[in-house]
Amino acid sequence: MVTVWPRRVAALALALLAACSSPPPSADDTAAAKLAPLKARYPQVIMGFDVHGTTVNVSVDLDQLVSMDEDKEDAMKAVALKTWAKTWSEVHPHQHASLTMRIIDFRGNQESAAHIKV
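Residue numbers (this note's numbering): 513 to 630.
If you're looking for bench data, these hints aren't it; they were derived computationally from the structure.
Straight-line C-alpha distance at most 25 angstroms; calculated SDA-like pairs for lysine to any residue:
| id | residue 1 | residue 2 |
| --- | --- | --- |
| 1 | Lys551 | His564 |
| 2 | Lys551 | Asp575 |
| 3 | Lys629 | Gln607 |
Between the sequences and the hints, there should be enough to build the whole structure, so can you do that?
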(Lines of atoms letter the chains of each structure in order from A and count residues from 1; the text may use other names and numbers.)
(Lines give C-alpha, C1' and ligand atoms only; values in the text may rest on other atoms or scores of the structure.)
Protein backbone atom coordinates (compact mmCIF):
# COMPACT_ATOMS: atom_id res chain seq x y z
CA MET A 1 0.00 0.00 0.00
CA VAL A 2 1.37 3.39 -1.01
CA THR A 3 0.69 6.29 1.30
CA VAL A 4 0.44 9.85 0.09
CA TRP A 5 0.75 11.27 3.60
CA PRO A 6 4.46 12.29 3.26
CA ARG A 7 3.70 13.98 -0.04
CA ARG A 8 0.84 15.94 1.47
CA VAL A 9 2.99 17.03 4.40
CA ALA A 10 5.77 18.13 2.03
CA ALA A 11 3.31 20.03 -0.17
CA LEU A 12 1.78 21.71 2.87
CA ALA A 13 5.21 22.65 4.22
CA LEU A 14 6.19 24.09 0.85
CA ALA A 15 2.95 26.09 0.65
CA LEU A 16 3.49 27.47 4.16
CA LEU A 17 7.06 28.38 3.36
CA ALA A 18 5.99 30.24 0.22
CA ALA A 19 3.26 32.08 2.10
CA CYS A 20 5.60 33.17 4.90
CA SER A 21 8.45 34.36 2.76
CA SER A 22 8.49 38.09 2.17
CA PRO A 23 8.26 39.45 -1.35
CA PRO A 24 11.36 40.97 -2.88
CA PRO A 25 11.80 44.69 -2.18
CA SER A 26 10.20 47.04 -4.67
CA ALA A 27 12.21 49.57 -6.67
CA ASP A 28 10.87 52.28 -4.35
CA ASP A 29 12.07 50.38 -1.26
CA THR A 30 15.48 49.85 -2.85
CA ALA A 31 15.78 53.54 -3.73
CA ALA A 32 14.82 54.60 -0.20
CA ALA A 33 17.45 52.26 1.25
CA LYS A 34 20.10 53.69 -1.09
CA LEU A 35 19.33 57.19 0.22
CA ALA A 36 20.33 56.20 3.78
CA PRO A 37 23.86 57.71 3.51
CA LEU A 38 22.23 61.10 2.97
CA LYS A 39 20.42 60.73 6.29
CA ALA A 40 23.73 59.78 7.92
CA ARG A 41 25.32 62.92 6.49
CA TYR A 42 22.60 65.17 7.96
CA PRO A 43 21.39 63.17 11.01
CA GLN A 44 19.90 66.11 12.88
CA VAL A 45 17.92 67.39 9.89
CA ILE A 46 16.88 64.47 7.65
CA MET A 47 14.54 62.01 9.33
CA GLY A 48 13.69 59.69 6.43
CA PHE A 49 12.60 59.12 2.86
CA ASP A 50 9.40 58.03 1.17
CA VAL A 51 9.80 57.12 -2.49
CA HIS A 52 6.82 57.09 -4.87
CA GLY A 53 8.01 56.34 -8.40
CA THR A 54 9.73 59.49 -9.64
CA THR A 55 9.03 61.48 -6.46
CA VAL A 56 10.86 61.32 -3.16
CA ASN A 57 9.59 62.94 0.00
CA VAL A 58 12.45 63.89 2.28
CA SER A 59 11.14 64.18 5.84
CA VAL A 60 13.00 66.76 7.89
CA ASP A 61 13.00 68.17 11.39
CA LEU A 62 11.76 71.64 10.48
CA ASP A 63 13.28 73.24 13.59
CA GLN A 64 16.72 71.90 12.65
CA LEU A 65 16.28 72.92 9.02
CA VAL A 66 15.29 76.47 9.94
CA SER A 67 18.24 76.78 12.32
CA MET A 68 20.72 75.87 9.55
CA ASP A 69 22.78 78.55 7.88
CA GLU A 70 21.07 79.41 4.57
CA ASP A 71 24.12 78.41 2.50
CA LYS A 72 24.32 75.06 4.30
CA GLU A 73 20.60 74.48 3.80
CA ASP A 74 20.90 75.22 0.07
CA ALA A 75 23.95 72.93 -0.16
CA MET A 76 22.08 70.13 1.65
CA LYS A 77 19.11 70.44 -0.71
CA ALA A 78 21.43 70.41 -3.76
CA VAL A 79 23.21 67.31 -2.48
CA ALA A 80 19.87 65.63 -1.74
CA LEU A 81 18.57 66.35 -5.25
CA LYS A 82 21.74 65.05 -6.92
CA THR A 83 21.71 61.97 -4.67
CA TRP A 84 18.07 61.33 -5.58
CA ALA A 85 18.88 61.58 -9.30
CA LYS A 86 21.85 59.23 -8.95
CA THR A 87 19.88 56.76 -6.85
CA TRP A 88 16.89 56.72 -9.21
CA SER A 89 19.21 56.17 -12.19
CA GLU A 90 20.91 53.25 -10.43
CA VAL A 91 17.59 51.60 -9.64
CA HIS A 92 16.20 52.32 -13.15
CA PRO A 93 19.21 51.90 -15.48
CA HIS A 94 18.91 53.24 -19.03
CA GLN A 95 15.63 55.04 -18.24
CA HIS A 96 14.86 58.74 -18.32
CA ALA A 97 12.42 60.70 -16.18
CA SER A 98 11.62 64.03 -14.62
CA LEU A 99 12.24 63.57 -10.90
CA THR A 100 10.77 65.52 -8.01
CA MET A 101 12.16 65.92 -4.51
CA ARG A 102 9.81 67.32 -1.87
CA ILE A 103 11.10 68.50 1.51
CA ILE A 104 8.32 67.89 4.04
CA ASP A 105 7.88 68.27 7.79
CA PHE A 106 6.57 65.55 10.13
CA ARG A 107 2.99 66.49 9.29
CA GLY A 108 3.55 66.16 5.56
CA ASN A 109 3.50 69.89 4.88
CA GLN A 110 5.75 70.79 1.97
CA GLU A 111 8.62 73.13 2.82
CA SER A 112 10.11 73.13 -0.67
CA ALA A 113 10.34 71.15 -3.89
CA ALA A 114 12.94 70.69 -6.60
CA HIS A 115 12.97 68.96 -9.96
CA ILE A 116 15.67 67.37 -12.10
CA LYS A 117 15.70 65.41 -15.35
CA VAL A 118 17.69 62.23 -15.76
